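Participant: All chains should be built: construct the whole structure from the sequences, respecting the hints.
Residue numbers (this note's numbering), protein chains in the order written: chain A, 1 to 305; chain B, 1001 to 1279.
I should point out that these hints are in silico values taken from the structure, not numbers from a laboratory. You may find that some hints are simply not true.
Claimed, not checked - A few chain B residues that face chain A, going by a derived Cβ cut-off under 8 Å, partial list only:
1) 1046
2) 1113
3) 1118
4) 1240
5) 1243
To be verified - To be clear about the criterion: a stretch of chain B counts as covered by chain A if any three or more of its residues have a C-beta under 8 Å from a C-beta of chain A, and this derived list gives those stretches:
6) 1127 to 1139
7) 1148 to 1157
All values derive from a computational prediction rather than experimental measurement. Quick reminder that beta carbons are idealized off the backbone N, C-alpha and C, glycines included.
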Amino acid sequence: MASTVSTPPTGTPASGEAVDPALERAAERAAARRGALLALPGFVYLGLFFAVPLAIVFVYSFATRSSTGRTILGEWSLRSYGRLFDPLVGGIAWRSLWIAALATAICLLVGYPFAYFIATRSPRVRGLLLVGVMIPFWSNFLVRTYAWRLLLGSDGPLSQLTDLAGLGPSRLLFTPTAVLIGLVYGFLPFMVLPLYAAIERMDFGLVEAARDLYASGWKAFRHVTWPLSRPGVVAGSILVFIPSLGAYVTPEILGGSRTTMLGSFIVRQFLSARDWPFGSSLSFVVMAVMLLATMVYFRVGGKTL
Amino acid sequence: MRAGDAVRPRGPAQRVLAANTWAVYVFLYAPILLLIVFSFNDNRIVGVWNTASLRWYREMLDNAAVLNALRNSLIVALASTAVSTVIGTAAALALERFRFPGRRVYDGLVYLPVIIPDVTMAVMMLLFFVEAFVIVQAVLGISPSLGIPTITLSHIAFNISFVAIVVRARLAGLDPALEEAAADLYASRWQAFRRVTLPLIMPGVLGGALLALTLSLDDVVVTSFVAGPGSTTLPVYVFGLVRRGVTPLINAVSTVMLVASMLLVLGSLLIQRRSPDRA
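Facilitator: Encoded structure:
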């Protein structure tokens, strides 16, 4: 998606006529000027309110923290980065990676057949089923997560159901399982929509050809459908994995004290522990890891989104 | 062999696919329905049903903190959507239709805010305003504080990129020859943009604006970092309440937020359906 689209600049005269090269260059320069002018507001805004803040976080990550929690700029050290190798941090990072990977895997496992089913309906049914996914996708994330707190609570319907079944009240709330359910619930549409887009625009004639050549249903899927839908798999996995890894709201609402994930841990450095340099180094590293993972993933899975 | 037979698995495989689909819909909607039902529960204890009433909705309307947070949310969402839609659309046009120096750097700058985790963005904005306030105080002698302006500025920063991506996707599917044809017919640049390009990209612009509005109304993490006392938005206020424990008031507020966002989506889907050409 970040690939360069080579559209000729709109200022170029129609081909076929002999054009004075000097004139052509002038037109090109004029087009470049107009392009730069259009880009300017975004450049200024994102430069000031995105690039500069990013640089400040980087600088803060080398600062030191006084005993009262004030950040001292000027006494530079690598202490915050050293703390990243603390076993406590390692444990939280490992747990976050695990939960995010598991959430991505479950979303893919459930979302793929789901998207496939929708994509192979008639256009009318397809549209309706798709709206059914879009509505929760666009609904307020916090509220949707909160709803699970009601559902999983110790006096909630799920608990009453297991109690009636003789299993005793379920104790899912405030466990890693609850966080996992919340993440899958929150990000499943992020998986389904790119998958649907990839499967829907697939040429199903290829699958039919494979079947005509006596491929079994599984073989046709394995060698035709799956490779063709790979861009959707890649895009969906990234869109689920990245927000799951940095999740803050879901573990705060559904998780307990023993299910701290990276997002909550970083926030705590700022809002309660008051260790800004450490929080800065953490958030910088998390961002760098995610960027790297995204780039590698896109390299491997093709560029199309 | 009828077309499509090879595509749609039959027999048990088909039944498994169908069952999975309906299970996903139950999974998607059960919590939402439960929340709506329980918002009408009169009981102070959230999980135990006694009678239906509008008690918590009345309580919500009498709650000054909720109404204030709602007002803040709307101001921030509308302002940040308006600004980011204009800047984002211009950025998309520049990237998709022009070559200019620094284009590659610009491309990265526009995409980065989408990939960056919420928490990092929140940290960035907080540290930026802390530093900026020091400079403002030194230069102008006034001491600004965190509040609605800082929330709005932060929301614009992440919304520009989302608008730009949506509009750019729409632009990429358009034939530039249409704009060139307008120019050949002696339309001025502004006329060509106003009469040809803008109407064609309008679904993308509206889609981007809707996404920006939704993201702004959804945001908890960035807002809670750059909000000052008394300037919380509705999601941040609700998040604070949820952390202290579940109350029936939250159910009522949540239901209102949920229904409002659903109406927004349904409305925009209907508008898109009526427009002659869909993306």
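Participant: The structure should be examined with respect to each hint, and the outcome stated for every one.
Facilitator: Status of each hint after checking the structure:
1. 1046: 7 Å, holds
2. 1113: 6 Å, holds
3. 1118: With a closest approach of 6 Å, the residue 1118 of chain B hint holds.
4. 1240: Violated. Min distance 11 Å.
5. 1243: This hint holds: residue 1243 of chain B lies near chain A, its Cβ roughly 7 Å from the closest one there, short of 8 Å.
6. 1127 to 1139: It holds, with 3 qualifying residues against the three required.
7. 1148 to 1157: holds (count 4)
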